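Quick note, the sequences are listed as chains A and B, same order. The numbering used here numbers the first residue of the first sequence as 1 and each following residue consecutively. The numbering used here numbers the first residue of the second sequence as 1001 and each following residue consecutively.
It is possible that some hints are incorrect.
Said to hold, decoys possible - Pair ranges (Cβ atoms, derived):
1) P1006(B) <-> K65(A): 49 to 59 Å
2) D1115(B) <-> K186(A): 48 to 58 Å
3) R218(A) <-> D1024(B): 33 to 43 Å
4) R1100(B) <-> N86(A): 17 to 27 Å
5) S10(A) <-> D1186(B): 24 to 34 Å
6) R1010(B) <-> S89(A): 54 to 64 Å
7) N86(A) <-> G1199(B): 23 to 33 Å
8) A1158(B) <-> R155(A): 43 to 53 Å
9) D15(A) <-> D1136(B): 26 to 36 Å
10) F1008(B) <-> Q187(A): 22 to 32 Å
11) K186(A) <-> D1184(B): 22 to 32 Å
12) W1042(B) <-> E12(A): 29 to 39 Å
13) E193(A) <-> E1083(B): 29 to 39 Å
14) K109(A) <-> R1010(B): 34 to 44 Å
As the list claims (entries may be wrong) - Selected chain A positions facing chain B (Cβ under 8 Å, derived; list incomplete):
15) H6
16) I43
17) C79
18) F81
19) R130
20) M156
21) F175
22) I182
These are computed hints drawn from the structure, not numbers from a lab. Since this is a predicted model, take the numbers as computed values, not measurements. Yeah, the Cβ is synthetic: ideal placement off N, Cα and C, and Gly gets one too.
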Amino acid sequence: MTNTLHRYGSAESLDDDYVVFAIPARGLNERDAPANQRRFLEIARKHHPLNMGDASHGAAFRPSKDLNPSVHWHREHRCDFDAVLNSVSSPTTVAAVFDDETKVVAFLKDLKKADLGLSINISARLDKARACAKSAGLQRHSVEYSLGFFGQTDRMADRNTLELSTMCGHGMVSFGLVRKLIDWIKQGRRSPEQAAATMARFCSCGVFNTTRACRLLRK
Amino acid sequence: MEHLNPRFVRAVRWILRIFRLRFDPEPDVCPTSAIVPDNLIWPRIVRRAFSDPQVTHESTGVHGRGTEEVKTNDVTNRVGIGEVGYVVEFGRPTIGVRFRDIEKMTMELAKLGIDFESRNPVTHMMTDKTIGKIRDDILDEKILSAIVEFKTPMQMMASVLHQIEAVSRTLDTVVALGVSTRCDEDGDSALDSLLLEEGFAYVRGKTNLGLGRAEAS
């Protein structure tokens, strides 16, 4: 799940981006992990996340095996939270994405009360994550900093593409896909919301922030 | 998937081409369900392990890039106070990397006397951890991304980061760099100021909230 560490963008651009995730430590607290991870997702759901996912079994935005040619003109872009909840069956990483600090704080308070025993992390702006933790009565245990990209950075895409593409750190939202969807929006063939949902479907861990994507696509 | 007849799709595309129009299917759908994953054998199979986020790394039992880093530090105490954990990630975002480039970095880092994290998929591919040598049969395999992990005392951080920066300029890919540490009892991190002093800016990261605990055996 380093897939949420290196999101490209300025501090302002990352203002509405919070990924809260739960992970068991291999060999140390895996036995009850699936039940606790389901509980994590149930609690998250109460706080209206934008997206949720299980790293092994997929996200709330997911591809469908039952499509027909009409999807070329109309496709429902809905979040299937039930599918995520029902698919957790083995120790994995589960995540919920929020765009609002107050929801994150309320979620953390509930997690503290639930005492799941899993490691809970916030992937967000470090100052905001610390503030959320403090408001929820929690103290930072450890912190990991993203120092950015080095090496042949001229091989990377332009800033706008990177801001969208790096929201799936596993590289499932390619530069080409982002460019194609931006073109479609410019041509009026997709709305920003539809394009954001399409990108989110490729991120199987469910950490793609559709609110931030819409905001960036509207620019 | 739509499971459309390939001949039908080809015919539609051919007719549209006459009128200089294009058949542009909904992204994520192959209209004829033609994309089927191959069964890979060694050494090519490492491409799947290091590129498909839904495949578990057998060496660590973790999905994605197979690392836990400080995400579980509240349970494992992997990185302590006064120590710095490093995650040096190659090929991200979406550029990809060959193991040969990763080896260039690991061999340079090994010269600094660092110990590579044992619970890490790249370390498992090493034939000699003391010099950072990766097995020869996978050096030309290209993968989407991989992470090298290790930790050092805080005093070594500046030299390690500058070494990574220098070596990354010689690689044919990009390197995403992350560092981590354990916070003190007030939640403060010694790295906050140290990183800025060394010229490394940061905005975003991961914050472990310390709610994890090991199960009673």
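Structure-based check of all given hints:
{"no.": "1", "hint": "P1006(B) <-> K65(A): 49 to 59 Å", "verdict": "violated (18 Å)"}
{"no.": "2", "hint": "D1115(B) <-> K186(A): 48 to 58 Å", "verdict": "holds (51 Å)"}
{"no.": "3", "hint": "R218(A) <-> D1024(B): 33 to 43 Å", "verdict": "violated (22 Å)"}
{"no.": "4", "hint": "R1100(B) <-> N86(A): 17 to 27 Å", "verdict": "violated (43 Å)"}
{"no.": "5", "hint": "S10(A) <-> D1186(B): 24 to 34 Å", "verdict": "holds (28 Å)"}
{"no.": "6", "hint": "R1010(B) <-> S89(A): 54 to 64 Å", "verdict": "violated (40 Å)"}
{"no.": "7", "hint": "N86(A) <-> G1199(B): 23 to 33 Å", "verdict": "violated (48 Å)"}
{"no.": "8", "hint": "A1158(B) <-> R155(A): 43 to 53 Å", "verdict": "violated (27 Å)"}
{"no.": "9", "hint": "D15(A) <-> D1136(B): 26 to 36 Å", "verdict": "violated (47 Å)"}
{"no.": "10", "hint": "F1008(B) <-> Q187(A): 22 to 32 Å", "verdict": "holds (26 Å)"}
{"no.": "11", "hint": "K186(A) <-> D1184(B): 22 to 32 Å", "verdict": "violated (50 Å)"}
{"no.": "12", "hint": "W1042(B) <-> E12(A): 29 to 39 Å", "verdict": "violated (47 Å)"}
{"no.": "13", "hint": "E193(A) <-> E1083(B): 29 to 39 Å", "verdict": "violated (45 Å)"}
{"no.": "14", "hint": "K109(A) <-> R1010(B): 34 to 44 Å", "verdict": "violated (57 Å)"}
{"no.": "15", "hint": "H6", "verdict": "holds (4 Å)"}
{"no.": "16", "hint": "I43", "verdict": "violated (12 Å)"}
{"no.": "17", "hint": "C79", "verdict": "violated (16 Å)"}
{"no.": "18", "hint": "F81", "verdict": "violated (19 Å)"}
{"no.": "19", "hint": "R130", "verdict": "holds (7 Å)"}
{"no.": "20", "hint": "M156", "verdict": "holds (6 Å)"}
{"no.": "21", "hint": "F175", "verdict": "holds (6 Å)"}
{"no.": "22", "hint": "I182", "verdict": "violated (12 Å)"}
When held up to the earlier numbered hints, the structure conflicts with 1, 3, 4, 6, 7, 8, 9, 11, 12, 13, 14, 16, 17, 18, 22 and fits the remainder.
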